[in-house]
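Trainee: Each chain is listed here by its residues.
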Amino acid sequence: MTNRKKLSLLEYILELDEGELEENTKLSELEGWDSMAKISLIALMDDEFGKALSGEHIRGFNTVQDILDFMD
Amino acid sequence: MIKIYFLKVIFPKKYSELFKLDILSKELGICKDKISITKDRYGRPFLNDFPDFYFSISHSKDAIACGVSDSPIGIDIEKIKPLKTKIIEKFFTPKEEAYIYSNLEKQNERFIEIWTKKEAYVKGFGKGMEIIPFNSFDVLDDRRIKTEYVDNQILSVFSESIKNGIDVNIVKLENN
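Protein sequences appear in the order of chains V and B. Under the numbering used here, think of the first position of the first sequence as 305, with each following residue one higher. Under the numbering used here, think of the first position of the second sequence as 22, with each following residue one higher.
Quick caveat, the hints were computed from the structure, so don't treat them as lab data. One should not assume that every hint holds.
Pairs of lysine to aspartate or glutamate residues, derived as EDC-like cross-links and limited to a Cα-Cα distance of at most 16 Å, are as follows [claimed, not checked]:
{"hint": "1", "chain 1": "B", "residue 1": "Lys107", "chain 2": "V", "residue 2": "Asp350"}
{"hint": "2", "chain 1": "B", "residue 1": "Lys111", "chain 2": "V", "residue 2": "Glu352"}
{"hint": "3", "chain 1": "B", "residue 1": "Lys34", "chain 2": "V", "residue 2": "Glu335"}
{"hint": "4", "chain 1": "B", "residue 1": "Lys34", "chain 2": "V", "residue 2": "Asp350"}
Distance windows between CB atoms, simulated [said to hold, decoys possible]:
{"hint": "5", "chain 1": "V", "residue 1": "Asn328", "chain 2": "B", "residue 2": "Phe32", "range": "15 to 25 Å"}
{"hint": "6", "chain 1": "B", "residue 1": "Glu110", "chain 2": "V", "residue 2": "Glu324", "range": "37 to 47 Å"}
{"hint": "7", "chain 1": "V", "residue 1": "Ser312", "chain 2": "B", "residue 2": "Pro72", "range": "43 to 53 Å"}
{"hint": "8", "chain 1": "V", "residue 1": "Ser312", "chain 2": "B", "residue 2": "Phe71", "range": "42 to 52 Å"}
{"hint": "9", "chain 1": "V", "residue 1": "Gly354", "chain 2": "B", "residue 2": "Lys193", "range": "39 to 49 Å"}
Model, not experiment: these values are computed from the prediction. All C-beta atoms, glycine included, are put in the ideal place defined by N, C-alpha and C.
Using the sequences and the hints, build the whole thing.
Mentor: Okay, here's the thing in structure tokens:
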């Protein structure tokens, strides 16, 4: 999966427009990075990437790039 | 009594910390710099100097709510938005799922209703959804949870005292 496609999936979760999200964006600065986005991310990781995302993983994410790295 | 302070504001995430301190300062009659917040073993916030005072804060995309009470409390607020089928499928119970999909016109607000009830529940217990998986409990008939509509937002409050008929007062504040 391309980086653009991954960003697009995250933009959907975070309720952002296409192309709005950048790799170095800090998650804490995003209004949409709330508990619903985090649960949606758990579902996304399971469905699209076959990965189990824990609360510990989520707490370790600081930037969008950290999530992209987990997707690999 | 349970009191919920509600404020519509731009950038609620940025303002929520200050809002919380404003409310606690007003409620307790102390200066903001005297407020010392720690967390109990379940991760719930509490004030060392006021062991019988409980609070919970939540924000949506354009509003903040802060609940205060003399018993443990959990609150959650969300703006009505399109439902997320994956969340319903993976994190809601079959009964909750049936409730949402049984009314096509109201399914988005029913989704947010269930979501906020679950969030309020786990915040009230303070254990978070890692310890209490969202699909392990049903909130539809839980009499400890009260849900209100406030300015196009859905606000849910969890407290053991709600089932005993305690009042939940919502105080709408103006943004000055």
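Trainee: Please go over all the hints and tell whether each is borne out by the structure.
Mentor: Quick rundown of the hints versus the structure:
1. B:Lys107 to V:Asp350: Given pair B:Lys107, V:Asp350 holds - Cα atoms ~11 Å apart, limit 16 Å.
2. B:Lys111 to V:Glu352: The given pair, whose Cα atoms are some 14 Å apart, holds under the 16 Å limit.
3. B:Lys34 to V:Glu335: 6 Å, holds
4. B:Lys34 to V:Asp350: 28 Å, violated
5. V:Asn328 to B:Phe32: 15 to 25 Å: 21 Å, holds
6. B:Glu110 to V:Glu324: 37 to 47 Å: 27 Å, violated
7. V:Ser312 to B:Pro72: 43 to 53 Å: 49 Å, holds
8. V:Ser312 to B:Phe71: 42 to 52 Å: Given a distance of about 47 Å, which is inside 42 to 52 Å, the answer is holds.
9. V:Gly354 to B:Lys193: 39 to 49 Å: 46 Å, holds
Hint violations for this structure: numbers 4 and 6, all remaining hints satisfied.
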